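**Q** So the chains spell out like this:
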Amino acid sequence: MAAGAAALAVAVAGCGTSSSGSDSGSGDGKTLTVWLMDGSAPAALTDALHKEFQDAHPGVTVKYEVQKWGGIQEKLTTALTSNTPPDVIELGNTQTAKFAAEETLEDLSGDVSALGGDQWLAGLKDSLTWDGKSYGMPFYASNRTVIYRTDLFEAAGITAAPTTRDEWVAAIEKLKAANAADPDFQALYLPGQSWYALLSFIWDEGGDVAKQDGSAWTGALDTPQAKAGLDFYKKLVDVSGTKAPKDTDEATPQQMEVFGTGKVGMMIGLPWELAGAVKANPDLASKTAAFPIPSKTAGKTAPVFLGGSNLAIPAGSQNTDLAKDYLKLLSSKKYQDMLAEGGSVPGTSTDTAKLATNPVGKALAESAPNGKVTPTTPTWAAVEAGQNPLKDMLTAYLTGAKSLDQATGDANAALTKTLAG
Amino acid sequence: MNPAVNRAVNPAKSKKVAANAVALVVALFFAFPTYWMVATALKPRKDMLTSEYDLLPLSVTGTNFATAWTKPGFLQSLGNSLVVTLLAVLAAVVVGLLAAVPLARMRFRGRKGFVMLMLVAQMAPFEALLIPVFLMMRDLDLLDKLPSLVLIYFAVTLPFCAWTLRGFVNGIPLELEEAAQVDGCSRWEAFRRVTLPLLGPGMVATSVFAFVTAWNEFLYALSLINDQSRQTLPVWLSGFQSQFGTDWGGAMAASALFTLPVLVFFLIVQRKMVIGVTAGAVKG
Amino acid sequence: MTAVDTTDAAVPTRGSSQAPRRAAPGGARRRRGSALDRALPYLLLAPAVIAILWMIGFPVLSVLATSFRKLNLRELTRGQVVWTGLDNYTQVLSDPEFWAISARTVVFTVLVVGSSVLAGLLLALLMRQISPVVRIVLQVSMLLAWAMPLLAATTVYQWIFDQQYGILNKTLVRLGFDGFAGFSWFSTGASTLAVIGLLIVWQAVPFLAFSLYAGAIGIPRDQYEAAGMDGASPWQTFRAVTWPELRPLLMMVTFLSLLWDFKVFAQIWAIRKGGPDGGSTTLAVYQYLEGISQSHFGVAAAVSVLMVLLLALLTFQYLRRLVRSQEGAL
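Respectively, the protein sequence lines represent chains A, B and C. Quick note, the first sequence lines up with residues 1 to 421 if you use UniProt numbering. Quick note, the second sequence lines up with residues 1 to 284 if you use UniProt numbering. Quick note, the third sequence lines up with residues 1 to 330 if you use UniProt numbering.
Quick caveat, the hints were computed from the structure, so don't treat them as lab data. These figures come from a predicted structure and were not determined experimentally. Treat the hints loosely; a few may be bogus.
[What the hints assert, rightly or not] Here are some of the chain B residues that sit facing chain C, going by a computed Cβ distance under 10 Å: (1) F74; (2) R111; (3) F240.
[To be verified] Computed list of lysine-lysine pairs in DSSO-like fashion (alpha-carbon distance at most 30 Å, straight line): (4) B/K15 <-> A/K51; (5) A/K402 <-> A/K235; (6) A/K235 <-> B/K46; (7) B/K71 <-> A/K75; (8) B/K71 <-> A/K63; (9) A/K227 <-> C/K70; (10) B/K46 <-> A/K234; (11) A/K75 <-> C/K273; (12) A/K402 <-> C/K70; (13) C/K70 <-> A/K211; (14) B/K46 <-> A/K30; (15) A/K417 <-> A/K227; (16) A/K287 <-> B/K46; (17) C/K273 <-> A/K211; (18) B/K145 <-> A/K75; (19) A/K234 <-> A/K63; (20) A/K235 <-> C/K273; (21) A/K300 <-> A/K211; (22) A/K234 <-> C/K273; (23) B/K145 <-> A/K63; (24) A/K362 <-> B/K145; (25) A/K372 <-> C/K273; (26) B/K71 <-> C/K273; (27) A/K176 <-> B/K46; (28) A/K417 <-> C/K70; (29) A/K211 <-> A/K234; (30) A/K279 <-> A/K227; (31) A/K300 <-> A/K354; (32) B/K145 <-> B/K71; (33) C/K70 <-> A/K75; (34) A/K279 <-> B/K71; (35) A/K333 <-> A/K362.
Even for Gly, the Cβ is constructed at its ideal location relative to N, Cα and C.
Next comes chain A alone, as it looks inside the complex (with noise of 0.2 Å):
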């Protein structure tokens, strides 16, 4: 799932009703239903913006549900069946496409200038338009950094952030050495399904994960920029040595835990991990710092995977107009602020100046304009909450257990059959 979560301030603290009001309340006595997802917006927005939209809807009340990530596939299926489904929905960008084709959620196209579509962020904005249609309004995304920590990277001896490959190498092998004495030590924790990561590269590489002919899309794994990708991600683990599990994603066991314990060097993650770490571990939010992932070619940055969310309006809503009137309020300036406060890239607004106040969303901002997407097919959904190949194919190539050759191919193959619905 692409999305990132916003929450620096991680308490979830406003779940449930947020509101004072009572489900029958004054006035036309109407409901609005949001469900957002679990650590998506800091309370603090939610708390003010649904203040602002109830006063300015006397008799309105905003219910507010966070939804949790376990089993979100089975509620949104079942909940958009429902007579009243909720009113306003998150939707990952890369699941957005399915749930549009299906025509489940309420074209917006007419409201687009609306909701200040003359901003929106230009990978989430393809990754609601489908047949030529909006379908929801961006909400936030993020990209990856390699976060790392200033006072090894001090003690090792490296001066500079890395901007190319090479140097970002030679900072592992410098760190490796400068703490060979601790065994627990990782220059790079970089566990082997970290597919996002594999993103980069193989972008980097002038490659990509498929290829769309008319309307099919057809897997390009087997490219030998994807393998040249592949090779790189490998290169890194061997160089690095990290412990990492070759079997599992950063979620198992959380990379942003492994970072917390202060025995890890630098991680490719997003700004809400490092702020998990430092709630493990609050030492390190004095010495931690990112730095844009590295390019082979100097002078550039490596492409990014662009995750984040779509807000949307389900076809079924009652309440079309007051989600409208939301969606509306939560585009403008005021709240897109606090988006980027809370260390996302805000959706309907190109000013990321308070992202760049920090030193990762300084390098999130920078790397930012250089962000990617999946491919925005419907059944590319399905690979995210499916088997994921991209993920068989890393632990295959990192065990050894396949050639490139073979470990490419196979997931090419599964990559087209998923692809083809």
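Starting from the known structure of chain A, arrange chains B and C on it as the hints suggest.
**A** Showing chains B and C alone in chain A's frame:
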């Protein structure tokens, strides 16, 4: 010790010692994951991921339990889960017993068909029924209401309860009831005074099974209930998963809390069971 | 502690083996009396039958109907009904993967059921031989396994088997098996399924052991004493006394285990989503991939129907025998 003497004197005893030793090893195997769950919950975050050998926690903290205990909604979810589970189990055992008695004791047309129904109903693919059941609850206007879960858990555990209880009723000699009837009891009284107490253990075994099933159910609880104040414990527990993974420490501590009510339920019904057996033994 | 630690649960076994004999005359004698008497069994059965037909029968029929429809998200949210005849079945049955997955599912189910029933039986017999204190220790530890929530169980297992930090690999290395340093338990479908199988067996055995122990303690002592006097070996005693007495119960729990383990989904999905390379995908996972992941609910329904058919095939012998035995009894 002298092996010859030992063998001669005590073959049975050494066999028993061996059996006990094997049993303890097996017990370790079954308890280990639970131990590991609690041990992980007690570890401070910095010790969670270490290459050191930590079969025994290197250091211990209560932070994870505090996190779990104070995570919003714990007590409310616990209450919801208890209500839903107990109602469903009660209904399943009572209705199951009502069905078990004729299936075991009476002769009537279509009996075999009913037995088959109890069996075949257990073949139904529970997860695959999510969408039709959801639509059904929608049409009954039970979405987002706890009775929907009570109904579902009741229905899902019922065939098992009815069928198993039928086996238990079968096992109680009919002569006992008949003897009571000769003594002047009515048929109902004979059943209540003689058979029912003897069914105690069977009802315990059955209800523990139903309890564990309902207590752990996640998919329907997640899909049917939106309001956070009505969520059940498994859904609350899933809140320890984010898109960055599972918070090991918190989830393990929460799981330990989650498991406690099952043990308590078991211990309560266990005592009732012993009473039932004693009563049965006296009468029998 | 324990459901079954005293004479009590003797009950189910004796029931299974002897009740038909008893029920027959008893039932026959009852066959007289008023209209109420004749209606009584139906009245008693009514709540259960209504609940089952309504809450399970109806959704099952609905899945059956869905298997002949095209039902994607679009049709689902709009309540459209598009009949496509046998298309879904043709699609599933012509997918070579379906057959491979079916074969894998059957083999996996048989292995898991076989090992858990065998383990359950051995433990049930063992429980009779051990001292009461040890027995309670064993039973409590089994109950702990049974009661552990799924999220915890799958997390703990992944954690124990973790490539780098897992206690299992660390322990094996300590014991001198250096090859297990960084060994990946989840790099092939077979070893992934082995871990999942262990998890399922671990959670299934307690119920089986409790039930079978209940049966085993119900076997009258005098039968063993008789066998003992003949100078029979333990194996002969088992063959002559335990096995015949336990057989009906054993068949019943085997049948139940088949039903449960064949359909098991959550554990497999939680460990590796049926990976790597689909190597631990069973029919239940396949059904989920088609349904929830890809939103092809019609195809998923067809897979469900085929699953039930296959399950019926697997358990056919038992069902037939059960029907026969009842014919004999009543």
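**Q** Look at each hint and say if it fits the structure.
**A** Status of each hint after checking the structure:
1. Hint status for B/F74: violated, given a least beta-carbon distance of 14 Å to chain C, over 10 Å.
2. Interface hint at B/R111: satisfied, since its Cβ lies 7 Å from the closest Cβ of chain C, which is below the 10 Å cut-off.
3. With 10 Å as the threshold, the beta carbon of B/F240 comes within range of chain C, its nearest partner Cβ sitting at about 8 Å, so the hint holds.
4. Distance check on the hinted pair: B/K15 and A/K51 sit about 74 Å apart at the alpha-carbon level, beyond 30 Å; violated.
5. Using a Cα cut-off of 30 Å, the hinted pair A/K402 and A/K235 holds, with the two alpha carbons roughly 16 Å apart.
6. Of the pairs offered as hints, the one joining A/K235 and B/K46 holds, with about 29 Å between alpha carbons and a cut-off of 30 Å not exceeded.
7. With a CA separation close to 22 Å, the supplied pair B/K71 and A/K75 stays within the 30 Å bound.
8. For a cut-off of 30 Å, the pair hint linking B/K71 to A/K63 stands: about 21 Å separates their Cα positions.
9. Between the alpha carbons of A/K227 and C/K70 the distance comes to roughly 39 Å, so the proposed pair goes past 30 Å and is violated.
10. Distance hint between B/K46 and A/K234 is fulfilled; the C-alpha atoms sit about 28 Å from each other, no more than 30 Å.
11. Restraint check for A/K75 and C/K273: satisfied, since their Cα atoms lie roughly 18 Å apart, inside the 30 Å limit.
12. Straight-line distance between C-alpha atoms of A/K402 and C/K70 comes to about 38 Å, which puts the hinted pair past the 30 Å bound.
13. Restraint check for C/K70 and A/K211: the C-alpha separation of about 28 Å stays at or below 30 Å, so the hint holds.
14. For the suggested pair B/K46 and A/K30, the alpha carbons sit about 48 Å apart, so the restraint of at most 30 Å is broken.
15. Restraint check: the Cα-Cα separation between A/K417 and A/K227 comes to about 20 Å, which is no more than 30 Å; the hinted pair holds.
16. In summary, the hint linking A/K287 to B/K46 is supported, as the alpha carbons are separated by about 17 Å, within the 30 Å threshold.
17. A distance of roughly 26 Å separates the Cα atoms of C/K273 and A/K211; the hinted pair therefore holds under the 30 Å criterion.
18. Pair hint B/K145 plus A/K75 holds up; C-alpha atoms about 15 Å apart against a cutoff of 30 Å.
19. Restraint check for A/K234 and A/K63: not satisfied, since their Cα atoms lie roughly 47 Å apart, outside the 30 Å limit.
20. For the hint linking A/K235 to C/K273, the alpha-carbon distance of about 27 Å falls within 30 Å, and the restraint holds.
21. At roughly 24 Å between alpha-carbon atoms, A/K300 and A/K211 fall within 30 Å of each other, so this suggested pair holds.
22. For the hint linking A/K234 to C/K273, the alpha-carbon distance of about 24 Å falls within 30 Å, and the restraint holds.
23. For a cut-off of 30 Å, the pair hint linking B/K145 to A/K63 stands: about 16 Å separates their Cα positions.
24. For the suggested pair A/K362 and B/K145, the alpha carbons sit about 47 Å apart, so the restraint of at most 30 Å is broken.
25. Only pairs whose Cα atoms come within 30 Å are accepted, and A/K372 paired with C/K273 is accepted, the gap being roughly 27 Å.
26. Restraint check: the Cα-Cα separation between B/K71 and C/K273 comes to about 28 Å, which is no more than 30 Å; the hinted pair holds.
27. Taken as a hint, the A/K176 and B/K46 pair is honoured in the structure, with Cα atoms around 21 Å apart against an allowance of 30 Å.
28. Under the criterion of a C-alpha separation no larger than 30 Å, the hint pairing A/K417 with C/K70 is consistent with the structure, at around 20 Å.
29. Taking the CA atoms of A/K211 and A/K234, the gap is about 24 Å. The hint holds against a cut of 30 Å.
30. Restraint check for A/K279 and A/K227: the C-alpha separation of about 38 Å exceeds 30 Å, so the hint is violated.
31. Pair hint A/K300 plus A/K354 holds up; C-alpha atoms about 24 Å apart against a cutoff of 30 Å.
32. Restraint check: the Cα-Cα separation between B/K145 and B/K71 comes to about 23 Å, which is no more than 30 Å; the hinted pair holds.
33. Note on C/K70 and A/K75: the hinted pairing holds, with a Cα-Cα distance of about 21 Å set against a maximum of 30 Å.
34. Proximity of A/K279 to B/K71 is assessed by CA-CA distance (about 16 Å); at most 30 Å being required, the pair is judged to hold.
35. A hinted pair counts as satisfied when its Cα atoms are at most 30 Å apart, and A/K333 with A/K362 qualifies at roughly 20 Å.
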